[in-house]
Amino acid sequence: GAGVSQSPSNKVTEKGKDVELRCDPISGHTALYWYRQSLGQGLEFLIYFQGNSAPDKSGLPSDRFSAERTGGSVSTLTIQRTQQEDSAVYLCASSSPGLGYHEQYFGPGTRLTVT
Amino acid sequence: SQQGEEDPQALSIQEGENATMNCSYKTSINNLQWYRQNSGRGLVHLILIRSNEREKHSGRLRVTLDTSKKSSSLLITASRAADTASYFCAFFSGGYNKLIFGAGTRLAVHP
Chain A
100 GAGVSQSPSN
110 KVTEKGKDVE
120 LRCDPISGHT
130 ALYWYRQSLG
140 QGLEFLIYFQ
150 GNSAPDKSGL
160 PSDRFSAERT
170 GGSVSTLTIQ
180 RTQQEDSAVY
190 LCASSSPGLG
200 YHEQYFGPGT
210 RLTVT
Chain B
111 SQQGEEDPQA
121 LSIQEGENAT
131 MNCSYKTSIN
141 NLQWYRQNSG
151 RGLVHLILIR
161 SNEREKHSGR
171 LRVTLDTSKK
181 SSSLLITASR
191 AADTASYFCA
201 FFSGGYNKLI
211 FGAGTRLAVH
221 P
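Protein chains in written order, with the numbering used here: chain A, 100 to 214; chain B, 111 to 221.
Isolated chain A, as found in the complex (with noise of 0.2 Å):
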C-alpha cells in the first residue's frame, strides 16, 4: 500500500507568513507523529496524536506551532508568523497498533525555508 505522504515536498516562504503542512499517514495507522530535522541534526520530536487526539504536545517549540488531525488520518501542522529558524525539514511519521505502535514509517518530509 502506499506509504506516508507529506505536502508540500518544499516551501519557501516569508518571514512573518503562515504556513501549513500536510501529512498523510498510511491507512489504518492510528499513532501520527511530527518531527523537525534541523540541517545536519537529529530529528527532533514535536507532537503526538492518538486518533485526532493529542496526548503528548511536549515538543512544539512555542505557541506559534499548532497541529490537527481529523478523522483519525490527515494532519495539518501551522506555523504562524514564521520566523528564519523555523527554517528545517519537518517529518511525519505513523504507526500502527498491531506494530505495537514501535516501529515509525516516515514520510519523504517537507523542506520549510524561511527568507
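Rather than coming from a laboratory, the hints here were simulated on the basis of the structure.
All values derive from a computational prediction rather than experimental measurement.
One should not assume that every hint holds.
Taking lysine to any residue pairs in the SDA-like style, the calculated list, with each CA pair at most 25 Å apart, reads [claimed, not checked]:
(1) B:K136 - A:E143
(2) A:K156 - B:A213
(3) B:K166 - B:D176
(4) B:K136 - A:S157
(5) B:K179 - B:R164
With the hints as your guide, set chain B onto chain A.
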C-alpha cells in the same frame, strides 16, 4: 538531555569494508531502533532490539545492546556504495509517545 549520542559523526570507508556506528543514551529504554536516511529521502526503519536482547541480526546488519553501559552499536558488514546514508539510533523512554533520536552518523562508502 534525553537525546542519544552517536559516534563517529562521520565515517568514510571503501566498499567491502565493515562499518561500525555507536550510540549512547542516558535514560532507561524499552527498545532501541536504528534508522537510515538517504540524501533527500525520509527515514527507513532498519532494525529494533528490545531491552532484554543483547544482539540481533538482519541481513548484513548486526546490532548489539548493552543496557548496563547504555550503549548500542550497529555493524554493517561488506558495505556497498548504496549503504551511503546517515544512520540514526532512536529509542522510546517511558512510553511510546515519541522517539528520541541521536544526531546520527554520516556514512560514505566509496566504490
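Hints and how they fare:
no., hint, verdict
1, B:K136 - A:E143, "holds, 17 Å"
2, A:K156 - B:A213, "holds, 22 Å"
3, B:K166 - B:D176, "holds, 12 Å"
4, B:K136 - A:S157, "holds, 19 Å"
5, B:K179 - B:R164, "holds, 12 Å"
Hint check: no violations occur; every hint is consistent with the structure.
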